[in-house]
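K.L.:
Residue numbers (numbering that gives the first Met the number 0), protein chains in the order written: chain A, 0 to 155; chain B, 0 to 243; chain C, 0 to 50.
There could be a bad hint or two in this list.
To be verified - Under 7 Å between C-beta atoms, here's a sample of chain B residues computed to sit facing chain C:
(1) Tyr-43
(2) Gly-46
(3) Val-97
(4) Leu-108
(5) Arg-218
(6) Gln-220
(7) Ile-224
(8) Leu-231
Simulated from the structure, these hints should not be mistaken for lab results. Note that the Cβ used here is the ideal one computed from N, Cα and C, for glycine as well.
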Amino acid sequence: MTTRAGKRKKKRLYLVLTSMTVLVLAVGLVLTALQDSISLFVDPTELKERNFADGQRIRLGGLVAEESFSKDADGLTYHFDITDGAETVSVVYKGSLPDLFREGQGVVVEGSINQHGPFVATEVLAKHDENYMPKEVVDSLKKRGVFRHAEEEESI
Amino acid sequence: MHKFANPARFLRISKMITPWCFFLTIVTMVAGLYWGLFIAPEDYQMGASYRIIFVHVPAAHLSEICYGFMAVASVVAIIWKHPLADQSARAAAPVGAVFTALALFTGSLWGKPTWGTYWIWDARLTSELVLLFLYFGYMAVWEAVEDRTKAARIAAIVALVGAVNLPIIKFSVDWWNTLHQPASLLRAGGAGLHPDMLWPLLTCILAFYLFFVTVVLWRIQSLIIRRQIRGLQIRLAEEERANG
Amino acid sequence: MGEYAIFVWPCYIVTVALLTVLCFSSWKNKNDDEKKLEELKNQMNELTKQD
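Here chain A stands alone, though its shape is the one from the complex:
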């Protein structure tokens, strides 16, 4: 490739390579800088570490702690704990829960910081994991006592 056309091709190749590298670096820097605002939620550990102002609206994510779920007498107000394995936050929520909501399930709740009591959620979303299994398979696994919820495995 010593022809003039060949040289021009090489020049264009380098131009594409360098401009793409610069672009990727720039976008990478921007995304790193915006890390906190891109993430949808904070986990209980981050919640304790970072100082959020009282009343500030945030999303909190984690697993619904086992045996933490209870319902008030009105049948509409729910209490449960959200845990990431290390830290646990109590949540109170009034409204309807998604079908997938259960203890051990990943959830994302939106609400405001309350430094003197439980986190007051106004919206509860269930997080699905990446595993799909037929009901019969899960039943037989449970019968043999070897079934474990995938998210429980991760948090241990």
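We have chain A already, so just place chains B and C on it with the hints.
P.N.:
Frame of chain A, contents of chains B and C only:
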């Protein structure tokens, strides 16, 4: 390089392939969708609503593959300046836009019963929406710019710049906290699906790939033929002027 | 399918509908272009015969 990219040769070979691709698309699409909708067992947590993944996952996957294809074609177009590369990228854009729209629509209908919301501005959903606008932007360049050489060059740059979004979509679920779950198929430790669900999903993905190849080949053929038509029209006009 | 039918069916119907429209329109456009090219080629042949 140029030998294979000869438009006339490409037209001849692709015309031999497309009927077969079309036939296989129909077979795999019907089989895959029927399998996913009626035969595959229900999920232990989500019941029947998980059946949406048999259209959602292939659409979302191809929405990225299609843009990747356009980006590669655009690199070839910029460096080797071959019209076939521009035509390939241009032909694929509407197909990719449809896949992206389908991924967003079906994902939203999956989100309501599973998450409890149709839409959330998490990194995965937002970057996929950005992809849809990139497709629209790319297509708009071809419509808006009169001069074809100029349109090709601007479109190729748009395709390349937009390609930065592809790894962001793919890894958004690993880099940031999102509501969207991580990958089930391409992950360390094998697929997170039971084989009874995995096989219909793979069939649907194959069907979408075949659909993509068939339709994009037809659209490239169309663009090549239109170029030939324009050439002939010019020659006809010249002939008529010479005769008249 | 039960209670989830209202979510599952629209997904499949819209997917099949959109893909069919895209597939058919691409094929039809290609065919129309092929026909037009044939016509033009014939015109060209007649013109050159006259010469």
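K.L.:
Decide, hint by hint, whether the structure agrees.
P.N.:
To see whether the hints hold, each was checked on the structure:
no.	hint	verdict
1	Tyr-43	violated (14 Å)
2	Gly-46	holds (6 Å)
3	Val-97	holds (5 Å)
4	Leu-108	holds (5 Å)
5	Arg-218	holds (5 Å)
6	Gln-220	holds (5 Å)
7	Ile-224	holds (4 Å)
8	Leu-231	holds (4 Å)
When the structure is compared with the earlier hints, a violation turns up for hint 1 alone.
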